[in-house]
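Peer 1: Those sequence lines, one after another, are chains A and B. Be aware that the first sequence starts at 1, since it is given in this note's numbering, and climbs by one per residue. Be aware that the second sequence starts at 1001, since it is given in this note's numbering, and climbs by one per residue.
These are calculated hints, taken from the structure and not from any lab test. Watch out, some of these pointers could steer you wrong.
[To be verified] A few chain B residues facing chain A, derived, Cβ under 8 Å: (1) V1072; (2) A1136; (3) G1141; (4) F1144; (5) F1277; (6) F1336; (7) I1340; (8) I1341.
Don't be surprised by glycine CBs; every beta carbon is placed ideally from N, CA and C.
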Amino acid sequence: MTTFIQATIAGLSLASIYALLALGFVIIYKAMQVVSFAHPAVMLFGAYMTSWFAVDKGIAFIPAVVLGAIAAALIGWLSERVTIRPMIGKPLFAIAILTIGLDIVIRTPINNLIGLDIRTVGAPWGFNSWTVGGAILPHRSVAMIATALVITVLLFLFFRYTRVGLAMRATAIDQEVALAQGINVGRIFSLAWMMAGAMAAVAGMFAASDLAGLSQSTYIVGIKALPAIVVGGLDSINGAIVGALVIGLAEAYTATYQSTHAPWLGGNFSQVVPYVVLLAVLLIRPYGLFGSPEVERV
Amino acid sequence: MRGRPALFTRYEADSAMLPTITQRVWLAIGLVAVIGAAVWLPRDWLILIATAFIAAIGVIGLNLVTGYAGQVSLGHAFFLGVGAYAGAAFGGEATEKLVGMGLDVIFWLPLAGLTAGFIGAAIAPIAVRLRGLYLAFLTLGLVFLGEHIFREWESVTGGPGIGRKPGVLRLAGWRFDLDGQIAGYSVTREQQIYWLTLLVLIIMAFAAKNIVRSRIGRAFAAVRDRDIAAEVMGIDLTRYKVLAFGVSSFYAGVAGGLLFTVTGFVNTNSFNLLLSFTYIAMVVIGGAASITGSIMGAAFLTLLPRIIDGAGGVLPFLEVGSTGLLSTSQLERIVFGALIIGFLIFEPLGLNGIWMRLRNYWKAWPFSY
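All chains should be modelled from the sequences, with the hints used to inform the complete structure.
Peer 2: Below, the structure is given as structure tokens:
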């Protein structure tokens, strides 16, 4: 039972990283029907900037995270403004492939800066933990889950109660009608990319705050958030959170139980479980669990 | 119709592979030049160009499914991997740990293609239900699952960090991968690989050209342009999507089987997402829905590192090693990414589009319209 609780805590921690990334993907997708393959690279950039501010510049941790998030938001804004905006109206695949190019352009210099050393992000909670009824509850997990919850709630309130949030929802439903209502759709696009970038930076910081630290392979975490949005459905905010929970828990349970119960699946199978879940869900529901089917005029 | 070579009165003539005499002549001259070039090109260039030929086979395959049939596949690396390991298993040498049947290249190369083709066709029914970006994600998942399988299936792949040798280029006792003598002339290993891969590329390119100008190709284009309308017109969507994936994977399998005979070694981590991205980039830069474009894209991106290495001596901020701002391999990556972005924004038809425009400009010269 303790093992199960332990795995659940690990799963929820992973899920909070995936949720922050998946929300970014979905916000961008809802705003302009673009899936950004550059999102993991933006995450890596944000995590690196946080690490640079906190460790190299000696800024206190919270301001460093905020600065890192701002830096990632700026990269998001810049990539949207320079490369995605001229592509509006072009086929979706073309834009998706373009973001692959963007990913390579952003990630290569960051990899160069990270180098081969493992960096830390200077997280104040370190590797301390509480023990609750036999289960170990790391401070890091508590911080991650709490932050993800707070950001998610804020996001829901933002979409529900603010004028800008309303404008974003209107743009998601119909861009032309939104334009006709006096909404600056271009600015909504920029805002969506900036919000996604900032959340990705926080997710990247969390991903890099464990024992493994920040390295070039932290990027893999960002790629594993893709199954989360597909499982939830590309255009559903609720789906993104459910997807993140499904993927995070599946990965953690596999990491805990697979080596003893199904060793024939091979070492490190938990790393590919997100893709197995992705295949399984797509097999049953071609638009994810909560995604809306595409309705098309012939 | 002599004297008016561009006037076509029949559909067959219009869709002919080489409609004008000029094109036939130029193709013949080009082929002779490419075949003859092997005599004086240095060894490293021969190997580089042979790699481009092999990549072109893979890119033609990806272009069939993505450019012609409109099904975006990020899983090409997986099928290249299947081809490479099927080739190694059918054509490689068996050791105490590894499976190897030691067949001749004329058997193992088609078998490598067929293995990949069957797996592609087996996965296609899942893909048929999916539209657009969901399909891209499915194929992306395939790459990661494939990597895992390649790491774990050690009797075929050798396992991570160990790897294995690919299929041997042997035909009736003759070894293409060793220096030899033909009719008194000595031929190097590189020359033989160059000619062999060129031959395979020519066969595969002509086959693809024929596929796309036949009923199947027109069905692919209809599915790409609007699948619902295509279905209404009586095109069996499932059948043609399965066919597209199967044929594309066959090409990937053949390319994968050959790809590592050049270096003589297959590692399990070669078939990652970046390889898929590279092939997508070759399609985009060469020109979607164009066989010529596929070859141009493959050649361009394969030769790009060599060009940038050359620039390393000229540009001051480039440094070999870690002292400079960027190493040449990093610059190469960035140029590669920037090329994808630039071509998509400014020249969506790729190198083939540029070539077409140049050709049409000179066709009407000096009258611009």
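Peer 1: Please go over all the hints and tell whether each is borne out by the structure.
Peer 2: Verification of the supplied hints:
| no. | hint | verdict |
| --- | --- | --- |
| 1 | V1072 | holds, 5 Å |
| 2 | A1136 | holds, 6 Å |
| 3 | G1141 | holds, 4 Å |
| 4 | F1144 | holds, 5 Å |
| 5 | F1277 | holds, 5 Å |
| 6 | F1336 | holds, 6 Å |
| 7 | I1340 | holds, 3 Å |
| 8 | I1341 | holds, 4 Å |
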